[in-house]
Amino acid sequence: MGELLTVNMGPQHPSTHGVLYLELTIDGEIVVNCKPHLGYLHRSMEKIAENRTYIQFIPFTDRLDYLASMNNNLGFCLTVEKLLNIPVTPRAQYLRVIIAELNRVASHLVAIGTFAQDLGAYATALFYTFSDREKIVELFDNICGSRLTYNYMRIGGVSGDIPAGTEQIIKDFIAYERKQLKEYNELLTYNVIFLARSKKIGILSKEKALNYGVSGPILRASGVKWDIRKEEPYLVYDKFDFDVPTGGVGDSWDRYKIKLDEIEQSLRIIEQAIGAIPEGNPVSKVNRVFRGTGETYMRTENPRGELGFYLVAEGGFNPYRCKIRSPSFSNLSVLSELIKGLNISDAVCVLGSLDIVMGEIDR
Amino acid sequence: MLLTNIKRIFIGIYSILKGLKVTFKNMFKKSVTLNYPIIKQDMKERFRGMVDLYPDKCVICYQCIKICPTAALDLAHKTLEDNKTKNITIFTFNAELCCFCGFCEEICPTDAIFLNKMYEVSYFDHKDLLKIDLMSSEKYKHVDGGVS
Amino acid sequence: MISMLLKGLAALGFIAVSAMFLIWLERKVSAWIQNRLGPMMTGFQGTLQPIADTIKLLLKEDIVPNGVDFISWWLAPFFVTVPVVMAFLVIPFSAKWIILDLNVGALYICSVTSLCVLGIFMAGWGSNNKYSLLGGMRSAAQIISYEVPLLLSVLLVVMQAGTLSMQGIVHAQHNEWYIFKPHLALAFIIYFIAATAEVNRVPFDIPEAESELVAGYHTEYTGMKFAMFFVAEYTNMFIISAIGTTLFLGGWQGPFLPGIVWFLLKAYGLIFLLMWIRWTLPRLRMDQMMSFAWKVLTPLALLNLLVSGWFMVN
Amino acid sequence: MQNSDLALQIKNKFPSIVLDEQPNFLVVPKTALLDVACFLKSELGFETCHCLTAVDRKDKMEVVYHLYSFSNHFMLTLKVIISLDDLTVESVSSLWRSADWLEREVFDLFGIRFLNHPDLRRIMNPDNWTDHPLRKDFKREDFIPRPVTLGLKG
Numbered sequence: 001m002g003e004l005l006t007v008n009m010g011p012q013h014p015s016t017h018g019v020l021y022l023e024l025t026i027d028g029e030i031v032v033n034c035k036p037h038l039g040y041l042h043r044s045m046e047k048i049a050e051n052r053t054y055i056q057f058i059p060f061t062d063r064l065d066y067l068a069s070m071n072n073n074l075g076f077c078l079t080v081e082k083l084l085n086i087p088v089t090p091r092a093q094y095l096r097v098i099i100a101e102l103n104r105v106a107s108h109l110v111a112i113g114t115f116a117q118d119l120g121a122y123a124t125a126l127f128y129t130f131s132d133r134e135k136i137v138e139l140f141d142n143i144c145g146s147r148l149t150y151n152y153m154r155i156g157g158v159s160g161d162i163p164a165g166t167e168q169i170i171k172d173f174i175a176y177e178r179k180q181l182k183e184y185n186e187l188l189t190y191n192v193i194f195l196a197r198s199k200k201i202g203i204l205s206k207e208k209a210l211n212y213g214v215s216g217p218i219l220r221a222s223g224v225k226w227d228i229r230k231e232e233p234y235l236v237y238d239k240f241d242f243d244v245p246t247g248g249v250g251d252s253w254d255r256y257k258i259k260l261d262e263i264e265q266s267l268r269i270i271e272q273a274i275g276a277i278p279e280g281n282p283v284s285k286v287n288r289v290f291r292g293t294g295e296t297y298m299r300t301e302n303p304r305g306e307l308g309f310y311l312v313a314e315g316g317f318n319p320y321r322c323k324i325r326s327p328s329f330s331n332l333s334v335l336s337e338l339i340k341g342l343n344i345s346d347a348v349c350v351l352g353s354l355d356i357v358m359g360e361i362d363r
Numbered sequence: 001m002l003l004t005n006i007k008r009i010f011i012g013i014y015s016i017l018k019g020l021k022v023t024f025k026n027m028f029k030k031s032v033t034l035n036y037p038i039i040k041q042d043m044k045e046r047f048r049g050m051v052d053l054y055p056d057k058c059v060i061c062y063q064c065i066k067i068c069p070t071a072a073l074d075l076a077h078k079t080l081e082d083n084k085t086k087n088i089t090i091f092t093f094n095a096e097l098c099c100f101c102g103f104c105e106e107i108c109p110t111d112a113i114f115l116n117k118m119y120e121v122s123y124f125d126h127k128d129l130l131k132i133d134l135m136s137s138e139k140y141k142h143v144d145g146g147v148s
Numbered sequence: 001m002i003s004m005l006l007k008g009l010a011a012l013g014f015i016a017v018s019a020m021f022l023i024w025l026e027r028k029v030s031a032w033i034q035n036r037l038g039p040m041m042t043g044f045q046g047t048l049q050p051i052a053d054t055i056k057l058l059l060k061e062d063i064v065p066n067g068v069d070f071i072s073w074w075l076a077p078f079f080v081t082v083p084v085v086m087a088f089l090v091i092p093f094s095a096k097w098i099i100l101d102l103n104v105g106a107l108y109i110c111s112v113t114s115l116c117v118l119g120i121f122m123a124g125w126g127s128n129n130k131y132s133l134l135g136g137m138r139s140a141a142q143i144i145s146y147e148v149p150l151l152l153s154v155l156l157v158v159m160q161a162g163t164l165s166m167q168g169i170v171h172a173q174h175n176e177w178y179i180f181k182p183h184l185a186l187a188f189i190i191y192f193i194a195a196t197a198e199v200n201r202v203p204f205d206i207p208e209a210e211s212e213l214v215a216g217y218h219t220e221y222t223g224m225k226f227a228m229f230f231v232a233e234y235t236n237m238f239i240i241s242a243i244g245t246t247l248f249l250g251g252w253q254g255p256f257l258p259g260i261v262w263f264l265l266k267a268y269g270l271i272f273l274l275m276w277i278r279w280t281l282p283r284l285r286m287d288q289m290m291s292f293a294w295k296v297l298t299p300l301a302l303l304n305l306l307v308s309g310w311f312m313v314n
Numbered sequence: 001m002q003n004s005d006l007a008l009q010i011k012n013k014f015p016s017i018v019l020d021e022q023p024n025f026l027v028v029p030k031t032a033l034l035d036v037a038c039f040l041k042s043e044l045g046f047e048t049c050h051c052l053t054a055v056d057r058k059d060k061m062e063v064v065y066h067l068y069s070f071s072n073h074f075m076l077t078l079k080v081i082i083s084l085d086d087l088t089v090e091s092v093s094s095l096w097r098s099a100d101w102l103e104r105e106v107f108d109l110f111g112i113r114f115l116n117h118p119d120l121r122r123i124m125n126p127d128n129w130t131d132h133p134l135r136k137d138f139k140r141e142d143f144i145p146r147p148v149t150l151g152l153k154g
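Protein chains in written order, with the numbering used here: chain A, 1 to 363; chain B, 1 to 148; chain C, 1 to 314; chain D, 1 to 154.
These are calculated hints, taken from the structure and not from any lab test. From the three backbone atoms N, C-alpha and C, an ideal C-beta is built for every residue, glycine too. Just so you know, not all the hints are guaranteed correct.
[Claimed, not checked] If the Cβ cut is set under 7 Å, some of the chain A residues that face chain B in the computed set are:
id : residue
1  : Ser-131
2  : Asp-141
3  : Asn-151
4  : Ala-164
5  : Glu-167
6  : Asn-185
7  : Glu-207
8  : Tyr-320
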């Protein structure tokens, strides 16, 4: 063993997906030890929640996992609805499913693009996926008026009904995206260099995944067939027919491939939901004041895993305590275990395949 | 053994050629980006830009102030001698704090406060961002086409 | 003597213009592939963008980081740039447009271009930056390994042509370009792959792997020093395409058009291929790349050399 | 699976433990936490510590564990109540690795010390901080819970 070198990867680094700081100890090119340092984006969301009313906290959930704002909105609103027993109209439920699944597609597209970027496929795959995502973002812009921090879900409904013609746009998008997925398979998935770089790199075993509390696509890539949408359905997910894709061994390639498969399943859900939207009024006005007591824990299936909200209410207008269990936080905690003994290049590959969002980890 | 290796090499070369085909096809597609400062995208109908106000519509109900999650709005009024008419003394908007959530627009009973379509809002002085006087009709004059 | 000087100056001018054109082309090709517009504001389709960039880089502050090994850090950009300029001595642009037709041209150009690694390693070592150091080490390992298959495939051309002079090799392809001969086609593929690695292009851009090493060996360079690395990189690209054109694609020979046009067309065609590959493929890993060089390319080139050499002798 | 079933099983296993059984959660005494957790993991199939957090109740602190059993589709809420004088609790990171970072977070934001934790450092805030922001009595000069606007003051 030669002299060990400490490399500070981050907080400013092209491939740490935000302001993650990894203290790598390397022996030549081999990573001997990895020590992640978090907190560069810490905004103490939980303290903010304690000082805001339930309604006022919704825009802040946008800033958790900023690639899947709709899903965060949804998770928080569902938790409050569960805590305070607030009914939701069927139309709002269907709209929520469609919107959440569209955002899942958008989020996975970013994950695919950035993973390819981490493997050195300069920007091309990233641009293709981003221009696909752009279509969804445009649609959301049309629906709720914002492109990143949507703030669309409301407690008891959504902020506004979808404009006329949205169904057709979504149907067109589904057809377009199915074609694009084939292109990604040709460009990336079965490319020989891509396979060589990501196959058998950073294998996460089933037991380890469960022990580390890993969730979402990363857990499924390790071979655990687990999806809250299927196992403990919320909203109207039990009415739709979809599969839960699982990976083989849990390497980086599986974690990438599972995202492509999930996009396909999400498109299936959207296709079924779009044909079955019931009539009704999905809109919930913003100026309602909520208060109640009790505590509840609710999990939803975010693109990156299980987003949990633990809400404690003690009668005030504000939540007494709001714990956000973010999926990326647990997913990142496996990193130092996974990359021990791998190359620096592989460390970047594993980090990219874990698909973390720092806004959610640091909160 | 040798045969499988050769087969693997050929599959590898084929996959690379397939990737090259995809990028070649895309070379002739229409650009998805716009030539930005010359051609600009139209903002959507529900787009949430800068906070704006129709001063004469405001009934000084303080709803927007109460709902604002980041306390970006400042409002104060004084009641005239006849105890009926209220006058706004200060109504300012702090663009630095604003999170563009649109709650104020949603809650306003008279649609006085709203979010306009401006997105290219830059100032020469940071201080200008902190206190944008919503009562003034020239608040967004420096923006291209910034007439509310 | 004066004509030599003029030719040298012309070569320098060509390097500057070519590098600028290549930078513009790279940005445009990447934009086309990615469905973007690319530079549009300076001149028609952004053609003047490289000039604007050059002005910007010229006016930038030249930062000397703390704790650099000053001599090697300061000299490195020159060590990278000078061999590139030297290589232009023997490139035959057309029947007459060659600065000096050395009788050992092929040998000379191969030896001169491999000097670049010295500058890259100096930059990596001198920068006092761990990313630079890793980049420099990777680069040294990579360029030295890929030199072997590259030289072996060049050797085959020399055997076929029976001369080391660049003009001589072009003349030897008067009847048939070498790429149409099967064993030389294989040699061309090997040459092309090895040359891609020589100039650190994707999929072999390991020394400057952006997502791993930030910018590799030129992380700490600013202003004109960075520009020198940049120019050297793109000119290197032109040189390997020019060598490929001369050795395999019949050089400046071609019907109707004058020789210089044919030469540039072929060379820029190869460069376009390089760019196209760059914007499509992911990057290989260090160990994979090394094993590819030593376990696949070198044996293949050796085998090719032996078999076709045996046929040539008989 | 129900909360009451679990409570019964735990009581049968550890007769000496005083278990406070609530409709939504179980309260385990601090001293018995590790034993109960070990039992839950190895025999009742709670493979994952899904979430670990704390709640500041002003007069006491609650450490809340959300344990999940994949086979039974059951989320157990386990609580440990600790007094403000002695903010320590046994770490469960040896059982569930996911508790490692979550415990560090609780330590950082609440100041609860986890005994026998492998690497108890602050995770979000700078190492040289002394405050614990999520406590209800957290006060700093530069901390404003929610800025009050001009008009609402008067």
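Hints, verified against the model:
1. Ser-131: Where the cut-off is 7 Å and the nearest Cβ of chain B is about 4 Å from Ser-131/A, the hint holds.
2. Asp-141: 5 Å, holds
3. Asn-151: 5 Å, holds
4. Ala-164: For Ala-164/A, the interface hint is violated, since the closest Cβ of chain B sits about 11 Å away, which is over 7 Å.
5. Glu-167: Constraint on Glu-167/A not satisfied, violated at 17 Å.
6. Asn-185: Check failed: Cβ of Asn-185/A comes no nearer than 9 Å to chain B, outside 7 Å.
7. Glu-207: Constraint on Glu-207/A not satisfied, violated at 32 Å.
8. Tyr-320: Violated - the Cβ of Tyr-320/A stays beyond 7 Å from chain B, reaching only about 18 Å at its closest.
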